[in-house]
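*Asks:* What follows is each chain in one-letter form.
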Amino acid sequence: MSQTRFTKEHEWARVDGDVAICGITDYAQKALGDIVYVELPAIGKKVKQGEQVAVVESSKAASEVYAPVDGEVVAVNDNLSNDPGKVNAAAQSDGWFFKIKAANAAQTGSLMDEPTYQNYVKGLS
Amino acid sequence: MSMNTQGRPSKSAIVLAMEANKGLVLDEPLIFEQGAEGRTGIDLPELPKYKERLGGVRRRAAIGLPGLSEPQVVRHYTRLSQKNFGIDSTFYPLGSCTMKHNPRLNEKMARLPGFGDLHPMQPTSTVQGALELIDQLAHWLKTLTGMPAVAMVPGAGAHGEFCGMAAIKRALEARGEHRTKVLVPESAHGTNPATAAALGFTVEAIPANAEGRVDLAILKSKLGPDVAALMLTNPNTCGLFERDIVAIADAVHKAGAFFYCDGANFNAIVGRVRPADLGIDVMHINLHKTFSTPHGGGGPGSGPIVMAESLAEFVPLPYIVHDNQGFRLIEHAVDAMGKKPFGRLKGFHGQMGMFVRALAYILSHGADGLWQVASDAVLNANYILASLQDVMSAPFKGPCMHEALFDDRFLKDTGITTVDMAKALIDRGFHPMTMYFPLVVHGAFLIEPTETESKETLDAFIAAMRDLVREVRLGNVEMFKQSPRFAPSRRMDETRAARSPILKWTPADREENGDNGDITRDAAE
Amino acid sequence: MRYLPLTEDDRQGMLAKIGVKSVDELFCDVPDAAHLDGPVWDLPNHQSEYEVDRALSALAAKNVAAGSCPFFIGAGAYRHHVPASVDQMLLRGEFLTSYTPYQPEVAQGTLQHMFEFQTQICLLTAMDVANASMYDGPTACAEAVMMANRITQRRHAVISGNLHPHYRETTETMAQMTGFTLEIGQPSPQAAEDLIKLIDDKTSCVVVQNPDFFGRLSDYTKLAAACQAKGALLIVAIAEIVSLGLIKPPGEMGADIVVAEGQGIGNGLNFGGPYVGLFACKQKYIRQMPGRLCGETVDADGKRGFVLTLSTREQHIRREKATSNICTSSVLCALGFTMHLSLLGEKGLTGLAELNHAKASNLVDQLAEIPGCRVLNENFFNEFTLQLPKPASAVVDELAKRPILAGVPVSRLYPDKPALENLLLVTVTELTSDKDVEVLVRALREVCK
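Residue numbers (my numbering), protein chains in the order written: chain A, 64 to 188; chain B, 7 to 531; chain C, 16 to 464.
The following block holds chain A by itself, in its conformation from the complex (with noise of 0.2 angstroms):
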């Protein structure tokens, strides 16, 4: 499995073979606070890097989730509907969101790496 890679909206991606596997980040499900619904795409959508795909919302706002990469939707993160707070207890490992068969696994190389990632939150705040 290949190392994990970042968007600028706070999306992560990490590719297994021709799947990647996405989520939003730690930092996203802080700035969030508690999350209470994830509405999660169809199987088999397709979608192009940085469409809305998802969205994630805690009792006071409802933010969008990108995709990271061009490809298919092959499968969702159903455990999110019964327990939307796995999003802010694990968003990098259990809280995943979707699954997504690239079009082009090469394209993540256009994502921030983990130290650039931490870098870049660091300038926002």
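What the hints contain is simulated information worked out from the structure, not anything from laboratory work. Treat the numbers as computed from the prediction; the structure is a model and nothing was measured. Mixed in with the good hints there might be a few duds.
[Stated by the list, open to error] Going by beta-carbon spacing under 10 angstroms, a handful of chain A positions derived as facing chain C:
id : residue
1  : V99
2  : Y100
3  : E102
4  : I106
5  : E120
6  : S121
7  : S122
8  : K123
9  : A124
10 : A125
11 : E127
[To be verified] Straight-line C-alpha distance at most 30 angstroms; calculated DSS-like pairs for lysine-lysine:
id : chain 1 : residue 1 : chain 2 : residue 2
12 : A       : K71       : B       : K418
13 : C       : K336      : A       : K149
14 : C       : K237      : C       : K318
Cβ coordinates follow ideal geometry from the N, Cα and C atoms, glycine included.
Given chain A, work out where chains B and C should sit, using these hints.
*Replies:* Only chains B and C this time, still in chain A's reference frame:
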């Protein structure tokens, strides 16, 4: 034990009073937890003999309603009322909401049988006085705004927005133009972008400048042949008058677009400034804000719109005309002469009950009184701004209009947030101000006192706010986080409410520890 | 001026604190050309309470109040008795003068009655969830169609020809303005419509009414199954909410969304508004619902409490992506509804509904004996369609002079359908007395000669 630094009780008289009264705010179960079979609060005459003609759809299963007598129901709702703050009970400085006194004459007039007991489908010969009242109110609204046309039917502010933007859409179609974009300042009420989007427009945000107003240069750069309209609140949601409004209107018109004004803040200028003189094409008026009809815990409202000549043909149905046959209702497009109605927006003819109240208020004040309304509303807000700006932080330089805006810079690094301040204010006996709106200001406090508050009340509020700021400086974080302590309820767990919504009472939810029976049922389907 | 507390001394002191000489200086951002130099001209000045009372009472006196004469009008607004205690409690300032309950610690009164309202609507309609109210029945209907469009991702709705014209026209306006299409059946006061043949895999929903505009009752169970087979939703509209005390609820027929006008319980006629729209649906659709929702939770002490919830659907958070642009609802009217229904209870509502039906049924028997008149309905709740030997509007105008408010000429709502010209909608409620019936029957015999 809690002692303040001076060694004497820091609690204000109102706090002490509220603590003492705590025993009168009684826990009250749901109505469904109080019934007994066979009991009722209504007596009916004996059922006559009759032939049933229900075509086989008679209800078989019981409804499940509880049975209560009149004294039980009266006590239940009286107790519930005691858990509420209203304008009648305390200062309610919600910015953007115009929580002014609701005169009781209004209520009395709306209950006259000649208004309250009229059916909307009575022959118009039997409702001439009602139509005349609507016509009189329309005349006041047109004259106060300087606009030639009015549509009375919208049921609330957002409904008025929809009506006004629909008129714009039809006017553009009549010109054979296809414009797709609506410009909305970042500071706008959420209804503005929601309305524009509902009508199929794409929404483009305009940032505010350093003075909290529309950036004219950016606005001009975004205007083009694809722009249908600008939706702008004036005075804006930062409580400021858009200084460049005439230039804004000119630029919008030059680009061939329309200028929609959100009139939510009309109270600041009513009777002193006519929107027509500012170049506005269409504006809704919230009768439940400026014209004192009660908010009722969230409605009903009423949102008539006034329109310039360029939009006057494009009206919703029905509307009233006056000719030698008296007042008539035009209910269908086929009867419309000289107008191009775009259809019906709701049932019947508008919020008559609100029209009566608004006209009672308007006649009470008259033109001179309304001038004083705007003057005092603006004076009160500026008095609050002037009295708190040394201890709180104001993002924009005054004078403000009818509401004073502060941000949360004065709370930086204290561990105390805007919401904590607001909740602590409850323990001082005041309703919180609007918080975190407008979005363009960090941690906003938006305070709208209205003209119906006395100087004594404003001084008490100012003293409470200054006292809270002192508590912030003392670092009494715990006191803030635990607030409110003396309200009918403590802070609510909103996360829990949203994660597994319980939206109705079911007998099961008592037994099953708050689990909503329906979710399980639905999942099992 | 009785609503303005500031004295001239107060004003001077406040101006001094602000550091300006006059209020005019506070209006310095207003362009010079737009400054009025005094109150708006051509309008009268302030008046005393009794002068305003006199002026408005004079206007009210020009109208014929429904309670002042025999009265048989319905067609979407119904005159029922509202108990005195309802209005007395509604006037409590804590209800009347409070805002939307965004601060739950000081708004549990409003939130709890909203929660009770939502529960009552679910019970009446046999649906899973209900919101805290909409503007009125017709706007709720239009919102339901748009919600069905979102759920099904389709943009074509089938509308019964017997849906109340105001519900249909409000939905048509939304269709034209927001971009979806409608297929509308022909009004058919006698024969049953065949809507099933209009449903295909492009249909987002079918909208029907029960009792329908002409007063007829139907069981829509088969229609619900036909909708489900094509992936469409069934929306059932109810204009006379008291009917649910006696009629099988739409939830038992398989409705996906129920919309209704709630005015008939707890609210007066008020010449058409404000009323209260009811909106209920199946549990699985809650995230697509418009309007406010109140939910149960606990406070910091673990005590049960209520809050507005799922508000991320709404415009103040979701802005252009909201499920609806609606902000204000009809809370005070909903409270009137809840109080009245609490007084009625199971026994009261079922008894009231049966009394309405019984009185209507007996009037039908009497009208059937008038030469030239014919009741078109085989079944009904408390409203039915009477065919007259001449145009109904002329009859209504003639009777209004006596004064008898005899009903609604169908032509007032269908001006483009000459075939319906002789039809009169007649409504009977518990408030209709035997004397009223006698007067109407006698007058119709004369006028229809």
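*Asks:* Each of the hints needs a verdict: does it hold here or not?
*Replies:* Hints, verified against the model:
| no. | hint | verdict |
| --- | --- | --- |
| 1 | V99 | 8 angstroms, holds |
| 2 | Y100 | 7 angstroms, holds |
| 3 | E102 | 7 angstroms, holds |
| 4 | I106 | 15 angstroms, violated |
| 5 | E120 | 5 angstroms, holds |
| 6 | S121 | 8 angstroms, holds |
| 7 | S122 | 7 angstroms, holds |
| 8 | K123 | 7 angstroms, holds |
| 9 | A124 | 6 angstroms, holds |
| 10 | A125 | 4 angstroms, holds |
| 11 | E127 | 8 angstroms, holds |
| 12 | A:K71 - B:K418 | 26 angstroms, holds |
| 13 | C:K336 - A:K149 | 26 angstroms, holds |
| 14 | C:K237 - C:K318 | 45 angstroms, violated |
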